[in-house]
Amino acid sequence: MPQGHRHRRPRPHHSRRVQPEQAPARLAGHGAQPASRLRGLAVLYHLRRAATPRQQLHRVRQGHERHGARRSHPPGRQDEVRHHHRGIAVPWSLLLRGGTVIDGTGTPGRRADVAVEGERIAAVAPSLAGAADRVLDVTGRVVAPGFIDMHSHSDLFYFGCPSAESKIRQGVTTEVVGMCSFSQAPVRPEHQALMKGWVGGIGMTPDLPWETFGEYLDALRSVRPSVNVVHLVGHGALRIAAMGFEARPAGADDLRGMERLLGEAMDAGAWGFSTGLVYPPSAYANTQELIALARSMRSRHGFYFSHVRGESSMLLDSIAEAIRIGDEGGVPAQIAHVKASGRENWSKLDGALGLIDEARRRGVDVAGDVYPYNAGSTKMDNLMPAWAHEGGMGKLLERLADRATRKRITDECLVDGERWGTVSQGGVGFDQIFVAACRRRELEGLNLAQIATQTGKAPAEALMDLLREEKCTVGMVSFSQSLDNVAKVLAHPALMIGSDSIPLFEGEGDRPGKPHPRSYGTFPRVLSEYARERKLFALETAVHKMTGLPAARLGLRDRGVVSVGAVADLAVFDAATVKDESTYPDPHRYPTGIPYVIVNGHVAVDGGRLVGPRAGRVLTPPR
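Count along the sequence shown from 1, add 516, and you get the number used in the working numbering.
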């Protein structure tokens, strides 16, 4: 069972400060490393016990992998072979030859070869000579750090789809999961049914055979996803474990219970907690509850990730609340998928970005993520108001069967008779809300206006009937954003890339659903649509926003850059041809122009095809 890989993340003090206006710089810890005499003695010991040159080569590799040996040469030195011992030339594990290295720091790309030894980068220099177990000719292609998805919901699918093929074939090598208050642990035995109803319509885990977050992480390690995993614990899961699905502020005992569970989760390997303040039961929390939870993890140096309380009419107040929670809680705050939803709210985006900028000038540690699309995706039952969810999925279905409650919902959410409005979505036309997945396949790809016409019902009635008939297991895609705003958010220097998506795989034959294309195309879309075609930013900046920037944010000191001693998480792509091929009508299409992806030194995508074995790890922060 693979163990979590520990990183030396900077230890933020109680009022961690940032300098947002500084230009991207090479991350600390990626230059020359002094050789460890103890590691060297260990390698020599294994050599001397070997009888033949082949045994010696094998022992060298064993020693380096066991003891984590790193090369002591500064970046750029041309090492001809990985080792010399008694005249034996020992090849590197892997050599990428002829590419342009864009190293993730934001600096200009340069022509260089990249040598990999075990799981780490051993040399980066022009025209490296010498042998390697395998040489990849990457002439005319870019060698970049593997992409880091700062906002993913893959954890809800790893147990059914550990290959995460739609993610890794984009070049993603690390994902941050447990987002928007959703995680599959902790689970109290008496709340199993509530938890299954809460995550069951999203994920692929039919059972939750664990109680603690640590037990859950052990189960996740046992399936070994193809990508590295940075895991948060969901506030919704904490709330259900402590107080069920009650629509009320947490009492003192409830809060102590959540703080204890959060501490246990972080001791087991969680990096912090996330909220989804439009998703019950997280939506039932007040600001003071969240500040208290943030303060409770301050000594463990946790992160607060927030899907804010509203992205439409409440946008500015919601951004301010997230900033306040991070500031008063003394922890870094990360705002999820920054956007303004609903045409009447598009003009609020500048104000939202201004709040982030002003907070950073004051030294508040706040940043965010964004996906490169003007449509979002979630479960369709989230179009119902928060109060309708109290008690869990079963209670929501009862309310959808009650005529008086349906009228109350319609009166509250129907806007101008033509649009549906919630604190998250804003006023969205029924013709802009599409069924992404449901049991009745013939409805997938249709919008609510079309379904209403087919059934002869008013759109609001068609919506509530669909949810009731499908037991709320309906996924949706809704168009509520401005493309101009998407570009503006993408260009912001404090915002990095997060797909907000689930992993998918093509499989054989017909593939179900019309999922959001971001599951297949987020990262190549940034490279092709926004860097190459629109020239919104330089290619090096695009790569930095997907690699070095999120790595620095998380404190992943040995990932996110192409540098000697860094972990060999790499993505190789053709800057001239890389492209997202997934579309809304035809989403199940992999990107083109990404021939190789390397995870922890293992080639995971080879010639554009997924190969084994899976080499991802559950990454745990230092404590």
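Since the hints were made in silico from the structure, they are not lab data.
It cannot be assumed that every hint is accurate.
Stated by the list, open to error - Pairs of lysine-lysine, BS3-like flavour, derived with a Cα cap of 30 Å: (1) K1004 - K923; (2) K1095 - K1051; (3) K895 - K1095; (4) K712 - K1051; (5) K911 - K1004; (6) K987 - K1004.
Comparing the hints with the structure gives:
no., hint, verdict
1, K1004 - K923, "39 Å, violated"
2, K1095 - K1051, "15 Å, holds"
3, K895 - K1095, "28 Å, holds"
4, K712 - K1051, "45 Å, violated"
5, K911 - K1004, "41 Å, violated"
6, K987 - K1004, "38 Å, violated"
Hint compliance for this structure: hints 1, 4, 5 and 6 are broken, all remaining hints hold.
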